[in-house]
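Visitor: Let's have the full structure, built from the sequences with the hints guiding it.
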Amino acid sequence: MTADWLDIGWLDQIPVRGSRTVPVTGGDEIAVFRTGDNQVFALVNRCPHKGGPLSQGIVHGHSVACPLHNWSIALATGTAQGADKGCTPTVPVKVVSGRVLLCRASALRAAA
Amino acid sequence: MELSGNDWGGEDTGGSPDVPPQRAHLVVIGNGMAGCRAVEELLARDPARYRVTIFGAEPHVNYNRIMLSPVLAGEKTFEDIILNGQDWYRDNAIELVAGDPVVSIDRQARRVVSASGRAVDYDRLLIATGSDPFIIPVPGHMLDGVISFRDMADVDRMLAAADAGGDAVVIGGGLLGLEAAHGLTLRGMKVTVLHIMPTLMERQLDEAAGWLLKTALEARGQTILTGADTAEIVGESHVEGVRLKDGTLIPASLVVMAVGIRPNVRLAREAGLAIGRGIHVDDHMVTSDPAVLAVGECVEHQSIVYGLVAPLWDMCRALADGLVEQHSGYRGSVTSTKLKVAGLDVFSAGDFSGGDGAEDIVLRDAARGIYKRVVVKNDRIVGAVLYGDTADGGWYFDLLKRQEDIANLRDVLIFGQAFASGGGQADPKAAVAALSDTAEICGCNGVSKGQVVSCIAKGARSLDAVRAGCKASASCGSCTGLVESLLALTLGDQVEAGAKTMCKCTSFGHDDVRREIVAQGMRSIPEVMQKLHWSTPDGCSSCRPALNYYLLCALPGDYVDDQQSRFVNERMHANIQKDGTYSVVPRMWGGITSPRELRAIADVVEKFDAPMVKVTGGQRLDIFGIRKEDLPAVWADLNAAGMVSGHAYGKSLRTVKTCVGSEWCRFGTQDSTGLGIKIERMTWGSWMPHKFKIAVSGCPRNCAEATIKDFGVVCVDSGYELSVGGNGGMKVRATDFLCKVATEAEAMHHCAAFVQLYREEARYLERTAPWIERVGIAYIRERIAEDVEGRDALAARFLFSQSFSQDDPWSERVADDARQHAHMAEFRPEGAMA
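For the record, the sequence lines run as chains A and B. In terms of UniProt numbering, the first sequence has 60 at position 60, counting the first letter as 1, and numbering is strictly consecutive. In terms of UniProt numbering, the second sequence has 162 at position 162, counting the first letter as 1, and numbering is strictly consecutive.
Derived by calculation from the structure, the hints in this document are not laboratory data. Treat each hint with caution, since some may be false.
No farther apart than 27 Å at their CA atoms in a straight line, the calculated lysine-lysine pairs in the BS3-like style are these [unchecked claim]:
#, chain 1, residue 1, chain 2, residue 2
1, A, Lys85, B, Lys691
2, A, Lys50, B, Lys578
3, B, Lys578, A, Lys85
4, B, Lys691, A, Lys50
Guide: Below, the structure written as structure tokens:
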């Protein structure tokens with residue numbers, strides 16, 4: 001029996017307006033973002049454009065700019081903003097008592 | 001008759017059927033905001049009716065007096081606040097007599113005479129003499145160093161005093177006094193404000209808002225004394241201090257008297273016109289003499305004298321209508337004041353003194369520094385005071401002017417328009433759509449919503465076109481958002497994007513932002529965003545790296561770099577490649593290497609299984625295919641061999657390319673390799689607006705390709721030829737010759753000065769080539785080659801900045817626990833392949 005949520009660490013391990021990564025064995029790496037207003041989002045660490053590591057982009061508002069070609073991806077939905085089209089899978093994430101929890105099933109599904 | 005402005009310049013002869021009939025002569029006394037605006041309104045109605053002569057006491061073209069404060073504060077130059085330049089006078093065939101004030105009016109002869117003795121006859125005369133600053137006649141008020149704050153000459157005197165440094169006393173805690181104090185503080189003076197009333201700006205603000213303002217100003221280092229009654233200004237020949245009635249003596253080398261203004265009616269009185277507090281005028285601004293009109297702060301209309309700019313626009317419209325025999329008289333103005341005092345937003349309108357039947361609705365949020373008070377009587381707004389957040393000022397003022405019944409809005413009135421119009425969703429377009437046509441959009445230039453919309457209807461498709469067409473947003477810029485919303489509302493997607501703003505988060509351009517950072521002494525990205533009204537919570541991937549750089553450049557050693565506002569390459573100190581791996585370039589000084597360094601690089605390549613090593617265009621070795629999590633270990637190994645980061649990833653000094661020069665080459669004239677190494681030792685680690693490359697060639701054969709680098713040195717027999725602005729990138733550009741110097745030391749000194757000039761003045765992501773094409777090589781030569789003192793200062797600032805920036809980011813990050821590079825956690829689901 002596995003828990004529904006995967007505890008990945010303390011919130012303050014993620015820099016404000018920054019991110020950390022969580023590799024999933026056999027699947028895609030997940031990027032966990034922390035925004036300026038202290039909200040947390042998790043996406044597959046891959047831009048829908050050319051696969052750039054979103055975790056390395058500049059976080060602004062509730063978006064991240066891909067470091068390769070500056071596409072702007074909405075953190076809440078994973079969709080590309082503006083004229084660009086495409087979507088990165090999102091993973092439900094929550095913070096409980098300062099600990100960051102990822103939805104285990106979704107992490108696996110995203111990785112599949 | 002349709003005539004363009006240029007068709008009717010010069011002398012009229014009359015008589016011939018091809019020549020327009022002799023036009024009546026309109027003479028204007030006063031080249032200020034009122035006089036020129038009246039002429040503009042007149043030209044808009046009938047450009048052919050009058051021949052116009054304008055007399056001005058100041059030796060300038062027409063400028064925006066209310067923008068003198070930003071000039072004093074160093075935020076704008078005089079050129080920026082000119083309303084009508086020479087071409088306006090020329091194009092409209094207006095004769096400007098500047099710096100020669102009119103000294104008498106002969107109404108019988110219909111003639112004016114100027115100080116220099118020039119006599120000019122008029123058919124209609126317009127008096128727009130404005131007002132004079134009021135000087136309190138305390139003992140010592142005639143001393144040298146006691147000035148008012150009214151015109152450009154006063155600003156020049158304050159700037160001169162500020163250059164000398166020392167203490168300043170500003171007498172008067174009204175708007176003008178506070179702006180003078182703000183400007184002088186920014187210019188480095190220690191400023192004390194004396195205000196006789198218990199609260200600042202008591203005519204615009206209530207006690208609570210006045211107190212917030214005082215607290216905020218004190219936090220900026222000013223001393224504010226309220227209830228302070230000046231007894232005398234002390235000093236022998238020049239001012240030395242101010243003594244209060246309670247005996248306190250405040251030392252000062254400059255005293256600015258800003259206690260109020262009064263209508264300048266001297267000429268009108270001597271000419272025998274009817275005068276009260278101001279010159280009496282009717283609804284078409286005609287004085288007691290039908291041939292003489294008057295407009296602006298010098299007039300009294302229905303017993304009211306106005307000291308604000310907004311009523312002036314109404315008066316000028318009524319006056320111009322009268323001059324072309326249209327009937328729509330002036331009916332007086334209800335005034336509002338939207339101010340930026342020392343960067344703090346303040347708004348007031350109507351009557352907020354309370355009294356019988358008046359009810360106050362107040363919102364206070366001390367933590368956010370916000371205070372709002374709306375005064376309501378019989379379900380109508382009669383007054384409003386806003387501090388800290390003045391966005392809804394226009395809305396309250398509009399409701400006040402239209403005397404709208406607010407009974408239904410009362411519950412939510414204080415939360416502002418967005419909330420009151422439902423849902424709490426702040427849609428700026430809906431807010432602007434709800435404004436009436438007469439609502440004022442631009443306070444500086446008196447432009448209403450209707451006028452902006454009609455300007456757009458006439459073809460303006462961009463912010464700049466609106467600014468040019470109707471002047472809205474062309475002065476202080478605080479209404480830029482409103483104008484943009486109107487453009488969007490009226491045109492939908494047809495709005496042409498202005499290329500000039502830094503990004504979509506701000507209405508300011510790069511140069512404005514840089515200037516404001518220095519002028520206002522801003523110290524962090526959030527502070528810049530707060531003060532310059534960023535429209536996004538924390539910027540975007542365009543403005544954040546730029547702001548980070550501008551602050552870093554402005555405050556060497558002081559500003560704390562914001563990692564999250566750096567592009568990935570600079571954050572990881574390596575180049576990201578298309579597959580998400582990184583490449584690493586260690587520094588090889590002047591392109592020279594050694595067995596030990598080569599061995600270290602070879603070891604790294606093998607140990608981390610790097611798929612490729614390549615010699616770069618800048619004579620360095622680039623190791624490809626390093627995984628993010630391996631970066632700290634790679635740096636550690638290279639560091640252990642004595643190598644530091646090559647900054648090949650940064651907007652920074654990259655490489656100094658060299659040839660072998662006199663040491664080996666049979667043509668080499670100087671030690672180009674040695675000089676290249678010295679220059680690289682001097683410049684490495686410096687952050688720049690964009691990447692920066694240097695080369696030193698040992699002879700004119702130029703093997704190091706120094707003439708396509710940002711800074712190039714070509715050694716010749718007699719010394720060193722320096723050239724700048726080259727680019728071997730997408731658009732190849734050869735350098736411009738800067739100058740020739742005799743010694744290595746001079747070459748390095750010029751290099752340091754040039755790099756600093758580029759660092760301080762180019763826009764972020766602007767390489768030297770487009771920068772130099774923009775500002776001109778003549779300007780660069782003037783600053784670097786010709787201005788010796790300026791060059792020394794630039795070089796000194798560069799070396800000072802370098803004393804903080806030459807830390808190897810690799811060793812710093814190796815010493816760190818490299819936490820950012822490691823994964824936060826790993827997820828190995830049961831049953832998954834390991």
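Visitor: Next step is simple, just say for each hint if it's right about the structure.
Guide: Hint check:
With a C-alpha separation of about 31 Å, the suggested pair lysine 85 of chain A and lysine 691 of chain B falls outside the 27 Å cut-off, and the hint is violated. Between lysine 50 of chain A and lysine 578 of chain B the CA atoms are separated by roughly 8 Å; this keeps the pair inside 27 Å, and the hint holds. For the proposed pair lysine 578 of chain B and lysine 85 of chain A, the alpha carbon gap of about 20 Å is at most 27 Å, so the pair holds. As the CA atoms of lysine 691 of chain B and lysine 50 of chain A are separated by approximately 25 Å, the hinted pair is consistent with the 27 Å bound.
Against the hints set out earlier in the document, a violation occurs for number 1 only.
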